[in-house]
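**Q** We have chain Y already, so just place chains A and Z on it with the hints.
Protein chains in written order, with the working numbering: chain Y, 1 to 283; chain A, 1 to 260; chain Z, 1 to 338.
Treat the hints as calculated values from the structure; they're not laboratory data. Every residue gets a Cβ at the ideal spot worked out from N, C-alpha and C, and that includes glycine. Errors might be hidden in some of the hints.
Sample of chain Y residues at the chain Z side, in silico, Cβ under 7 Å [claimed, not checked]:
#1 Tyr147
#2 Asn149
#3 Lys231
#4 Leu244
#5 Ala246
The list that follows gives simulated cross-link-like pairs (lysine-lysine, PhoX-like), each with its CA atoms no further than 20 Å apart [to be verified]:
#6 Z:Lys136 - Y:Lys125
#7 Y:Lys92 - A:Lys255
#8 Z:Lys153 - Y:Lys125
#9 A:Lys87 - A:Lys5
#10 Y:Lys276 - A:Lys87
#11 Y:Lys276 - A:Lys94
#12 A:Lys5 - Y:Lys94
#13 A:Lys87 - Y:Lys4
#14 Y:Lys125 - Z:Lys134
#15 Y:Lys177 - A:Lys5
#16 Z:Lys67 - Z:Lys85
#17 Z:Lys194 - Y:Lys231
#18 Z:Lys67 - Y:Lys231
#19 Z:Lys256 - A:Lys124
#20 A:Lys88 - Y:Lys4
#21 A:Lys5 - Y:Lys92
#22 Y:Lys95 - A:Lys5
#23 Y:Lys36 - Z:Lys328
#24 Y:Lys94 - A:Lys255
#25 Y:Lys231 - Z:Lys153
#26 Y:Lys4 - A:Lys172
#27 A:Lys94 - Y:Lys190
#28 A:Lys161 - Y:Lys4
#29 Z:Lys67 - A:Lys124
#30 Y:Lys53 - Z:Lys134
#31 A:Lys170 - Y:Lys4
#32 A:Lys124 - Y:Lys4
Cβ pair distances, simulated, as ranges [stated by the list, open to error]:
#33 Y:Ser126 - A:Phe241: 29 to 39 Å
#34 Z:Lys136 - A:Asn4: 42 to 52 Å
#35 Y:Leu180 - A:Phe241: 32 to 42 Å
#36 Z:Leu193 - Y:Glu50: 20 to 30 Å
Each chain, letter by letter, is given below.
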Amino acid sequence: MKNKTLRFIFLTPVIIYTFCLIVLPLLYILTISFFKSDFYGGMIYDFTLENYKELFNFVYLRIFVNSILIALVTTLICILISYPFVLAISHKSKKIQQIIMTLVMVPFLTNSLIRMYGWIVLLRKSGAINELLLNFNIIDNPLSLMYNNIGIIIGMVYTFIPFMILPLYNSVSNIDKYTLEAASDLGASKIKRFLNIILPQTLSGLFNGAIMVFTPALGCFFIIDILGGGKVMILGNLIKNQFLTARNWPFGAAISVFLILLTTILILIYKKIGGKMDDLGGI
Amino acid sequence: MKNNKIIDNLCIFLVFSFLFLPILVIILFSFNTSSLNIVFEGFTFDWYKELFNNKTLLEALYNTLIVAFVSTIISTIIGTISAYALKKYNFPFKNIILELLYIPIVIPEIVLGISLLAIYTLFKLELGLFTLILAHICFSIPFVIINVRSVLDNMDPNIEKAASDLGASKLKTFFYVVIPTILPGILSGAQLALTLSLDDVVISYFTAGPGSNTLPLHVYSIIKTGVTPDVNALITIMLLFVFVILTISTIINLKRLRRM
Amino acid sequence: MKKFLIILFVILCTGCNNNQEQLNILNWSSYIPDSVIRNFEKETGIKVNYSTYSSNEELLAKVSNAKEGTYDLIFPSDYMIEIMKNRGLLEKLDKSKLTNINNLNSNYLNLDYDLNNEYSLPFIAASTVISVNKEKIKDEIVSYNDLLNSDYKDEIVLIDDQRIIIGMALLANGFDMNSTNKDELEIAEDWLLKLKPNLKAYDSDSPKNFLIFEEASIAVLWNAEGAIAKEENDNIENIFPKEGFALSIDNFAILKNSNNQDEAYKFIDYILRPEIMKEIINSYPYKNVNKETDKMLDDNYLNNDAANISDETLKNGIFVKNIGENIKLYDRIWANIK
Chain Y
1 MKNKTLRFIF LTPVIIYTFC LIVLPLLYIL TISFFKSDFY GGMIYDFTLE NYKELFNFVY
61 LRIFVNSILI ALVTTLICIL ISYPFVLAIS HKSKKIQQII MTLVMVPFLT NSLIRMYGWI
121 VLLRKSGAIN ELLLNFNIID NPLSLMYNNI GIIIGMVYTF IPFMILPLYN SVSNIDKYTL
181 EAASDLGASK IKRFLNIILP QTLSGLFNGA IMVFTPALGC FFIIDILGGG KVMILGNLIK
241 NQFLTARNWP FGAAISVFLI LLTTILILIY KKIGGKMDDL GGI
Chain A
1 MKNNKIIDNL CIFLVFSFLF LPILVIILFS FNTSSLNIVF EGFTFDWYKE LFNNKTLLEA
61 LYNTLIVAFV STIISTIIGT ISAYALKKYN FPFKNIILEL LYIPIVIPEI VLGISLLAIY
121 TLFKLELGLF TLILAHICFS IPFVIINVRS VLDNMDPNIE KAASDLGASK LKTFFYVVIP
181 TILPGILSGA QLALTLSLDD VVISYFTAGP GSNTLPLHVY SIIKTGVTPD VNALITIMLL
241 FVFVILTIST IINLKRLRRM
Chain Z
1 MKKFLIILFV ILCTGCNNNQ EQLNILNWSS YIPDSVIRNF EKETGIKVNY STYSSNEELL
61 AKVSNAKEGT YDLIFPSDYM IEIMKNRGLL EKLDKSKLTN INNLNSNYLN LDYDLNNEYS
121 LPFIAASTVI SVNKEKIKDE IVSYNDLLNS DYKDEIVLID DQRIIIGMAL LANGFDMNST
181 NKDELEIAED WLLKLKPNLK AYDSDSPKNF LIFEEASIAV LWNAEGAIAK EENDNIENIF
241 PKEGFALSID NFAILKNSNN QDEAYKFIDY ILRPEIMKEI INSYPYKNVN KETDKMLDDN
301 YLNNDAANIS DETLKNGIFV KNIGENIKLY DRIWANIK
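Okay, chain Y solo, but in the shape it has when bound:
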């Protein structure tokens, strides 16, 4: 076979793929975000900025702030759990590290919705956690652990935490052990060691995790639906409603464009601090 034909055969799939399944759909979303919507689901092919203006309506601004807050808190809690955990593992032998990291992945290889259901069973008023607390007389009345922000955050953290643990673990295991030992020999305190050696060396791993937790958390409608009781809205639900209930595609598209922009900004910051794009997909 001629070299040129081979080149053609090898390159065609990726070009077709990029164009048809990435560029085209996103361009189309961008286009319809400038259309008008008729009141029952159709689109009027007429240029307008109305959908973007609507984004700044107080009603929707509140939802933006709300989703960003929820995603931020989720990311923060993921970091607070993952750091000590990853550092604790890194003190173990290589063999044990490998076993622990494999075990960490096990829950995430099962159906994520059934795991949410597991949380419902645990968190509801007649659930295991409340029963336990009531039996030990720690509380007198069952606590409301779901259908509120507590439930949402638990669900979010639980779903996205592997995306934080994995990159952090990778970057922590790349830290030069000798530097750490030298520092502790020289009498650096734990906090100092963390701030001066561990944190800077794991920064890109940390930001990698933060992106992989923060962005899906903005769009993950099913956790909010299930554990939030349908009374909290985030960007994901808002988009879903525009497409599947309110029949306003152009507005839904405009919110999506906003989300794409937000993601792009985060990625640019990540690149700026020296993060590698390939690490984002190296789960």
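**A** Here is chains A and Z on its own, set in the frame of chain Y:
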């Protein structure tokens, strides 16, 4: 120093209980005689038999497996070829394509889901298994490419050269020399694609149609009305399966580690 | 490699090339028990693909998003029949294909959303109702305004349906349930915001679970859900508030250019059989519209005031109406109160 170890172990223990608690609940209730998932009333294996009478559930499982395997195979093939081509050849707009490939990885799934739905509607594609598989291929390919590329980058370029010096055609070199060398990357990419596909909710939610209900979508539709223990039973079986595979691969990995 | 591709090809063929007779049904969640569908499949050999939705608006969106012919049989409520009919989404019914059509109660036929039942036939009737756990809530509840009591923090569950809930707020303030008057809607919006601290959740799929598991003590839900909650828990009482309540007739309708119309007629005719309708009513005790089924209903159903709503009570029911473009006002309020 001993103190540190206790803190370490406590920390690991706490995170593990957080990770495994909901799963243990699911496993526990798959053996429960009551169907309500509230209190454990008695031990039974009945739900494991019952499971095979639940046609909706089995159909969802069947669809999930079909979609996962087909999309994994196709995206692994395309991903591998593409990773190789992107490394080997230069062409106009290559850098742009390289950047665009990250989009499915980083943008929120819901955006990918609705934009695929919009395109399907535009081209009047009937929502069903085909559109679902296409969507899964869409988000899997970049993961395969990245995994294959990381192995390709470490491949000794002389191997290919040696093969062609010995008279092997380019195509032959690719199949008999390159592929075996980068196989670990291909397999880890395929594994990732499979995992992502098996558990995808958000993108499937928008791209599935009648008759292409998958297991995650099925669970989503019954989660509020109440999940019956036969679903727990199915999940337990699948978990066992995953666990066996992981144990085998960990043992292999540990052996390799020891050899190093 | 070749073997691989062949296997792949075989899988694809078995997956996509189904020549078996099929029927794609899109229906409300918690509406028809699985056994009824399985029995139909066994009887006719037709494979039923069953998907669900939880509001009329979601149904409309699903139907308009999908290519024509994706779904065959749907179950829209009265006002949605009118909307879909006007948009040309529905197929005219050929009633000669239905042998059991005479079983239908004529009270529910020939109503103004579809005169002469050209496009739709009634399946069941439903109303909203307030279900209260009397063990937890001692006060008497007779009006929607009683729900504003600050003692009920986190105790109330509402159906996740904008027309019904905003309509409820309008009724509570003495307005028409289908009002499109901006001032009235604003008052309704404020009322809902006042109610918000008392809300536990919005759920259309199975609000009864909140009462059964004692997660909440009050719910505004569809009557069958309330009726089941009462069966499961003796402390539950169902109340039809004095301001009135939403009434809805859900209908069979066949989508335009459906590929499986014969199968759809077979299914409708099957459901119209008295004993099949009875099985459905027993699982989901809505108001029955089949007069032959009426003769065979169990005491359990007849004595449950939320299931078998008396004609006297029904007079207070109000239909949701098609409000055209004004739906945008409702959309905005809905986003704001959530």
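**Q** Decide, hint by hint, whether the structure agrees.
**A** Each hint tested on the structure:
| no. | hint | in the structure |
| --- | --- | --- |
| 1 | Tyr147 | 5 Å, holds |
| 2 | Asn149 | 13 Å, violated |
| 3 | Lys231 | 5 Å, holds |
| 4 | Leu244 | 5 Å, holds |
| 5 | Ala246 | 5 Å, holds |
| 6 | Z:Lys136 - Y:Lys125 | 14 Å, holds |
| 7 | Y:Lys92 - A:Lys255 | 18 Å, holds |
| 8 | Z:Lys153 - Y:Lys125 | 15 Å, holds |
| 9 | A:Lys87 - A:Lys5 | 46 Å, violated |
| 10 | Y:Lys276 - A:Lys87 | 17 Å, holds |
| 11 | Y:Lys276 - A:Lys94 | 18 Å, holds |
| 12 | A:Lys5 - Y:Lys94 | 16 Å, holds |
| 13 | A:Lys87 - Y:Lys4 | 16 Å, holds |
| 14 | Y:Lys125 - Z:Lys134 | 18 Å, holds |
| 15 | Y:Lys177 - A:Lys5 | 17 Å, holds |
| 16 | Z:Lys67 - Z:Lys85 | 17 Å, holds |
| 17 | Z:Lys194 - Y:Lys231 | 14 Å, holds |
| 18 | Z:Lys67 - Y:Lys231 | 32 Å, violated |
| 19 | Z:Lys256 - A:Lys124 | 15 Å, holds |
| 20 | A:Lys88 - Y:Lys4 | 13 Å, holds |
| 21 | A:Lys5 - Y:Lys92 | 9 Å, holds |
| 22 | Y:Lys95 - A:Lys5 | 17 Å, holds |
| 23 | Y:Lys36 - Z:Lys328 | 13 Å, holds |
| 24 | Y:Lys94 - A:Lys255 | 12 Å, holds |
| 25 | Y:Lys231 - Z:Lys153 | 14 Å, holds |
| 26 | Y:Lys4 - A:Lys172 | 16 Å, holds |
| 27 | A:Lys94 - Y:Lys190 | 47 Å, violated |
| 28 | A:Lys161 - Y:Lys4 | 18 Å, holds |
| 29 | Z:Lys67 - A:Lys124 | 5 Å, holds |
| 30 | Y:Lys53 - Z:Lys134 | 48 Å, violated |
| 31 | A:Lys170 - Y:Lys4 | 11 Å, holds |
| 32 | A:Lys124 - Y:Lys4 | 36 Å, violated |
| 33 | Y:Ser126 - A:Phe241: 29 to 39 Å | 32 Å, holds |
| 34 | Z:Lys136 - A:Asn4: 42 to 52 Å | 50 Å, holds |
| 35 | Y:Leu180 - A:Phe241: 32 to 42 Å | 40 Å, holds |
| 36 | Z:Leu193 - Y:Glu50: 20 to 30 Å | 26 Å, holds |
The structure shown violates the earlier hints numbered 2, 9, 18, 27, 30, 32.
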